[in-house]
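Spelled out from the first residue to the last, the chains are:
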Amino acid sequence: MSIETRALHYTYMPGSPFEKQALTDINLTIRDNEFIGLIGHTGSGKSTLIQHFNGLLHPSSGEILVGGLDVNKKETDKQELRRQVGLVFQYPEHQLFEETVERDVAFGPKNLGLSEEEIHERVLEAIHYVGLDEALLKKSPFELSGGQKRRVAIAGVLAMRPKVLILDEPTAGLDPAGRDEILTQVRALYLAHKMTVILVSHSMEDIAKLATRVIVMHKGRVAMDGTVPEVFARAAELRQMGLDVPQVTRLAEEMAKRGMPIGDGIYTVERAKSAILMQLGLLKNQKGKEGAGK
Amino acid sequence: MLKDITLGQYFPVESLLHRLDPRTKIILVICYIVSIFLANDVYTYLVLAAFTFGVIALSKVPVKLYFRGLKPLWLILLFTAAINLFLTSGTYIGGRPFLWGIGITWEGLFLAIKMALRLILLILGSSVLTYTTSPIALTDGIEKLLSPFARMGLPAHELAMMMSIAIRFIPTLIEETEKIVKAQEARGACFDHGNVVRRAKALVPMLVPLFISAFRRADDLAVAMEARCYRGGTGRTRMKQIRFSAMDLYACLVFVAYLGVLITCKVVV
Ligand SMILES: Nc1ncnc2c1ncn2[C@@H]1O[C@H](COP(=O)(O)OP(=O)(O)OP(=O)(O)O)[C@@H](O)[C@H]1O
Ligand SMILES: [Mg+2]
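Taken in sequence, the protein lines are chains A and B.
Positions 1 to 294 (our numbering) are the ones given, in order, by the first sequence.
Positions 295 to 563 (our numbering) are the ones given, in order, by the second sequence.
Accuracy of the hints is not assured; some may be wrong.
[Stated by the list, open to error] Subject to a maximum C-alpha distance of 25 Å in a straight line, what follows is the list of computed DSS-like cross-link-like pairs (lysine-lysine):
hint, chain 1, residue 1, chain 2, residue 2
1, B, LYS354, B, LYS534
2, A, LYS110, B, LYS473
3, A, LYS138, A, LYS194
4, A, LYS219, A, LYS273
5, A, LYS219, B, LYS476
6, B, LYS358, A, LYS163
7, B, LYS534, A, LYS74
8, B, LYS358, A, LYS20
9, A, LYS73, A, LYS163
10, B, LYS476, A, LYS78
11, B, LYS495, A, LYS138
12, B, LYS365, A, LYS73
13, B, LYS365, A, LYS20
14, B, LYS408, B, LYS560
15, B, LYS476, A, LYS163
16, A, LYS78, B, LYS358
17, B, LYS476, A, LYS73
18, B, LYS495, A, LYS20
19, A, LYS139, B, LYS495
20, A, LYS74, A, LYS163
21, A, LYS110, B, LYS476
22, B, LYS473, A, LYS219
23, B, LYS473, A, LYS78
24, A, LYS20, B, LYS560
25, A, LYS78, A, LYS110
26, A, LYS110, B, LYS560
27, B, LYS354, B, LYS365
28, A, LYS74, B, LYS473
29, B, LYS534, A, LYS20
Quick caveat, the hints were computed from the structure, so don't treat them as lab data.
Can you build the whole structure from these sequences, using the hints too?
Take a look at the structure:
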């Protein structure tokens with residue numbers, strides 16, 4: 001399912017003293033089965049942009065097409081749109097309300113008017129995707145830990161079986177293990193279901209590891225749009241926008257400066273590790289040769 | 295819809311009125327409201343309107359904002375006007391009632407205009423207070439005004455503190471509500487469809503998280519206040535002292551002058 005925006009503008013509270021232009025001239029085409037990493041300094045308009053993708057916000061001007069349908073049009077079925085485009089908000093655990101985990105996850109499918117069996121099946125599936133134990137189904141969501149609550153909330157969106165999954169900082173405030181687990185599961189979903197995924201994150205590491213395309217927002221505009229190497233090659237510009245490149249990329253830069261280049265295009269820890277090992281290997285070999293030459 | 299509520303409606307600009315002691319403003323507004331009820335003919339209303347708009351001009355808050363504040367009240371205005379218009383006895387306009395003994399009398403017409411004007415002036419005048427005084431200054435003023443009664447067991451400080459916390463959290467809770475509504479809508483919830491029962495039911499997914507978050511915030515706030523050694527009002531000093539200055543004296547004098555003109559008008563004309 002593709003998403004297309006044309007000359008999209010959005011202003012909060014127009015005509016009041018608190019008027020705020022949050023999005024300016026956004027032109028994007030997001031194709032099927034892309035994994036988009038959406039980054040930008042705080043207040044750059046990321047959350048505002050993604051709320052346009054499932055019709056929660058209406059553009060002040062411009063167009064937005066989701067799966068070929070104009071979101072702005074009155075006759076576009078909002079319910080259907082939100083089924084297709086699943087949006088997980090920042091701190092989604094704050095939206096839990098039901099007495100049991102099972103009923104909370106079932107809220108979305110129930111709104112779609114599905115049968116009991118179908119709902120049950122989807123709840124089990126969603127719970128399984130986010131790595132929660134079935135034993136938790138009958139518990140109150142408020143008894144769970146923060147990380148577990150977060151998973152319940154994400155499961156609540158997955159249970160609607162969206163074609164596009166949008167996650168707004170899904171790992172904020174989680175421990176490293178929980179973070180990796182959730183992201184691994186998102187990646188598995190992306191690979192297994194040919195979903196389109198849009199991940200908003202402040203972690204350049206996560207973006208470098210997962211995204212097939214990176215979109216950089218700055219002051220309500222799209223500042224950069226390209227593959228991971230394309231975007232992270234422009235480190236100086238990123239820094240000017242209050243962003244950065246992954247830490248290992250900085251490490252590689254620093255090593256190059258100090259006379260030990262390990263190569264360009266180092267964005268993930270795995271890649272850095274092999275590059276460094278290779279370099280060390282080379283050095284050893286050279287030393288070995290030098291030693292043999294004497 | 296939620297954004298239209300302008301409760302903490304303080305409008306931060308520099309003006310003489312903004313600099314007045316909140317106590318002066320509170321007391322003068324109360325006196326002003328009483329003075330509205332002194333007006334009863336064209337001349338006194340003219341004096342009243344002239345004073346009101348003079349003060350509005352002094353406040354440097356756009357007049358547009360004042361009239362926007364009237365918007366939520368047009369139903370009440372219409373309702374009282376209609377009641378006065380049709381239910382006042384006297385001489386009918388056109389000589390007789392036009393339908394089943396219901397008609398508009400001259401007396402009714404004047405009363406309707408008078409009451410509508412009173413309500414409008416009342417709202418405009420009291421909005422001057424809320425537009426020019428920050429909620430914090432307002433509660434400080436109320437606390438100071440109530441403090442003489444503290445000896446009689448009135449918890450003045452606690453009341454003021456509760457009020458300022460409540461005012462402080464209105465925008466936060468509105469924001470929170472909007473967020474929760476959006477999050478549930480993203481899961482296919484529908485808040486504006488169906489009959490009354492369905493709509494009431496649809497509120498549950500909004501109200502439960504809202505209450506939980508309100509309690510969480512209250513808890514956090516209590517802990518944060520304790521951590522900073524808040525122990526209630528006794529012996530507490532404040533960063534911004536409110537002081538009665540020469541300007542407050544002038545404000546009072548101007549108000550007395552206005553009262554004088556108003557009463558003279560009433561007696562003489
Ligand atoms: N409900 C709102 N009312 C008014 N202004 C808003 C509202 N929500 C966001 N804004 C403003 O719009 C701009 C963009 O906000 P947005 O939430 O989209 O940023 P963001 O990129 O998601 O930031 P973060 O990384 O902090 O989540 C900000 O300047 C913000 O102050
Ligand atoms: Mg955001």
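Q: Compare the distance between the alpha carbons of LYS473 (chain B) and LYS219 (chain A) with 25 Å, and conclude whether the hinted pair is satisfied.
A: 22 Å, holds
Q) Are LYS138 (chain A) and LYS194 (chain A) close enough, with their CA atoms no more than 25 Å apart? A) 31 Å, violated
Q.
Holds or violated: LYS219 (chain A) and LYS273 (chain A), Cα atoms, limit 25 Å.
A. 35 Å, violated
**Q.** Distance restraint between LYS476 (chain B) and LYS73 (chain A), which requires alpha-carbon spacing of 25 Å or less
**A.** Given pair LYS476 (chain B), LYS73 (chain A) holds - Cα atoms ~19 Å apart, limit 25 Å.
Q. Holds or violated: LYS495 (chain B) with LYS138 (chain A), Cα cutoff 25 Å?
A. Judged against 25 Å, a Cα distance of about 22 Å means the pair holds.
Q) Between LYS476 (chain B) and LYS78 (chain A), does the CA-CA distance stay at or below 25 Å? A) 13 Å, holds
(Q) Between the alpha carbons of LYS365 (chain B) and LYS73 (chain A), is the straight-line distance 25 Å or under? (A) Distance ~30 Å between LYS365 (chain B) and LYS73 (chain A) Cα, so the pair is violated.
Q.
So if I understand the rule, the pair passes when the alpha-carbon distance is 25 Å or less; does LYS408 (chain B) with LYS560 (chain B) pass?
A. 15 Å, holds
Q. For the pair supplied as a hint, LYS110 (chain A) and LYS476 (chain B), is the alpha-carbon distance within the 25 Å limit?
A. 17 Å, holds
Q) CA of LYS534 (chain B) to CA of LYS74 (chain A), is that 25 Å or under? A) Not OK: LYS534 (chain B) and LYS74 (chain A) at ~52 Å, beyond 25 Å, violated.
Q: Assess, step by step, whether the Cα of LYS365 (chain B) is no farther than 25 Å from the Cα of LYS20 (chain A), and give holds or violated.
A: Judged against 25 Å, a Cα distance of about 24 Å means the pair holds.
Q. Taken at face value, is the distance from the CA of LYS560 (chain B) to the CA of LYS110 (chain A) at most 25 Å?
A. 68 Å, violated
Hints 3, 4, 6, 7, 12, 16, 18, 24, 26, 29 from the list above are not met by this structure, while the remaining hints are.
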